[in-house]
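There are 2 protein chains.
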Amino acid sequence: MLSLFKYNWQVREDWFTWCESLPEEEFHIERVGGMKSIRETLTHILDCELLWLNSLVDEKVVFERRQLLTQLNEIKEYSTFVQSFTEQFIEQLPSDYENNIIEVQRRDGSILEFTQKKIFAHMITHEIHHIGQLSVWAREIQRKPISSDLIIRIFE
Amino acid sequence: MLSLFKYNWQVREDWFTWCESLPEEEFHIERVGGMKSIRETLTHILDCELLWLNSLVDEKVVFERRQLLTQLNEIKEYSTFVQSFTEQFIEQLPSDYENNIIEVQRRDGSILEFTQKKIFAHMITHEIHHIGQLSVWAREIQRKPISSDLIIRIFE
Numbered sequence: 017m018l019s020l021f022k023y024n025w026q027v028r029e030d031w032f033t034w035c036e037s038l039p040e041e042e043f044h045i046e047r048v049g050g051m052k053s054i055r056e057t058l059t060h061i062l063d064c065e066l067l068w069l070n071s072l073v074d075e076k077v078v079f080e081r082r083q084l085l086t087q088l089n090e091i092k093e094y095s096t097f098v099q100s101f102t103e104q105f106i107e108q109l110p111s112d113y114e115n116n117i118i119e120v121q122r123r124d125g126s127i128l129e130f131t132q133k134k135i136f137a138h139m140i141t142h143e144i145h146h147i148g149q150l151s152v153w154a155r156e157i158q159r160k161p162i163s164s165d166l167i168i169r170i171f172e
Numbered sequence: 017m018l019s020l021f022k023y024n025w026q027v028r029e030d031w032f033t034w035c036e037s038l039p040e041e042e043f044h045i046e047r048v049g050g051m052k053s054i055r056e057t058l059t060h061i062l063d064c065e066l067l068w069l070n071s072l073v074d075e076k077v078v079f080e081r082r083q084l085l086t087q088l089n090e091i092k093e094y095s096t097f098v099q100s101f102t103e104q105f106i107e108q109l110p111s112d113y114e115n116n117i118i119e120v121q122r123r124d125g126s127i128l129e130f131t132q133k134k135i136f137a138h139m140i141t142h143e144i145h146h147i148g149q150l151s152v153w154a155r156e157i158q159r160k161p162i163s164s165d166l167i168i169r170i171f172e
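For the protein sequence lines, the chains are Z and S, in the order given.
Read in order, the letters of the first sequence are residues 17 to 172 in our numbering.
Read in order, the letters of the second sequence are residues 17 to 172 in our numbering.
Keep in mind that the hints were calculated from the coordinates and are not lab data.
C-beta atoms are modelled at their ideal positions from N, C-alpha and C, and glycine is treated no differently.
Any given hint could turn out to be false.
[Unchecked claim] Stretch-level coverage of chain Z by chain S, calculated; a stretch enters the list once three of its residues show a Cβ under 8 Å from a Cβ in chain S: (1) 19-30; (2) 39-45; (3) 53-60; (4) 110-119; (5) 143-155.
[As the list claims (entries may be wrong)] Straight-line alpha carbon distances no greater than 27 Å define the calculated DSS-like cross-link-like pairs of lysine-lysine that follow: (6) Z/Lys22 x S/Lys133; (7) Z/Lys160 x S/Lys76; (8) S/Lys92 x S/Lys76; (9) S/Lys76 x S/Lys133; (10) S/Lys160 x S/Lys76; (11) S/Lys22 x Z/Lys22; (12) Z/Lys52 x S/Lys92; (13) Z/Lys133 x S/Lys92; (14) S/Lys133 x Z/Lys133.
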């Protein structure tokens, strides 16, 4: 299942390249659904990857410029930062990680428990879901979306 | 990874229930992106699950009424049929299935080779991607979409 991170990073990178050819206002403009813009949806994907990875580690990492992100280039830097963190983490996983129980504290102080496998499954499916939203917006502005078809991709 | 089929089937069932509360024309109306309507996007998800499962078996199954599908109820019957086929198939998989090489013949007669693991990964991510599209359309008609968040779901 962890190879699906690689699939997601490849699709994400293709969307970044796709955004480069977009008139800048289309990147920022408010839309219906998702996180309301291409910019915010891509940023949200990264926020969630980082949030969940941080739930799995003792030494949490912070992207110092997180509150200052507005431009595509800055979001790409954020992606490089988050991806590098996730890559390092999954490369050193022990073979029996799947059923490890992770405690996650909610804002109200209560604790939820998830298996490490479930957290990874959520991180992966969360990104694919939001990328599906970008594909509708692409068609709305008469642009061909990035193909998400995993079967045509080489990523292992 | 195979547990993600269960996640998808649960989300799909929730979308079917969501569609029941929708004015019928909203189910059929042509939209931008995806497979151009809620009806056709749900049908496409099922077509693809069946197509890829059939690439893995000697005795292919056919849903006799496939060409006659127009109504939500009929698509739900198609989903029950496809899900049952997939469930039976994944329940009897040998433990070493992942790297089995599957030959898939394209329309032009050429043969592509994929691991069985890759085909399953494609089937799963394909559905999540298209469900993301439905969520944008839901907001376009001022309806709250089904949550796709895996972390809040219990499916194992």
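Results for each hint:
{"no.": "1", "hint": "19-30", "result": "holds (count 3)"}
{"no.": "2", "hint": "39-45", "result": "violated (count 0)"}
{"no.": "3", "hint": "53-60", "result": "violated (count 0)"}
{"no.": "4", "hint": "110-119", "result": "violated (count 0)"}
{"no.": "5", "hint": "143-155", "result": "holds (count 11)"}
{"no.": "6", "hint": "Z/Lys22 x S/Lys133", "result": "holds (15 Å)"}
{"no.": "7", "hint": "Z/Lys160 x S/Lys76", "result": "violated (34 Å)"}
{"no.": "8", "hint": "S/Lys92 x S/Lys76", "result": "holds (20 Å)"}
{"no.": "9", "hint": "S/Lys76 x S/Lys133", "result": "holds (19 Å)"}
{"no.": "10", "hint": "S/Lys160 x S/Lys76", "result": "violated (38 Å)"}
{"no.": "11", "hint": "S/Lys22 x Z/Lys22", "result": "holds (22 Å)"}
{"no.": "12", "hint": "Z/Lys52 x S/Lys92", "result": "violated (31 Å)"}
{"no.": "13", "hint": "Z/Lys133 x S/Lys92", "result": "violated (30 Å)"}
{"no.": "14", "hint": "S/Lys133 x Z/Lys133", "result": "holds (17 Å)"}
Hint compliance for this structure: hints 2, 3, 4, 7, 10, 12 and 13 are broken, all remaining hints hold.
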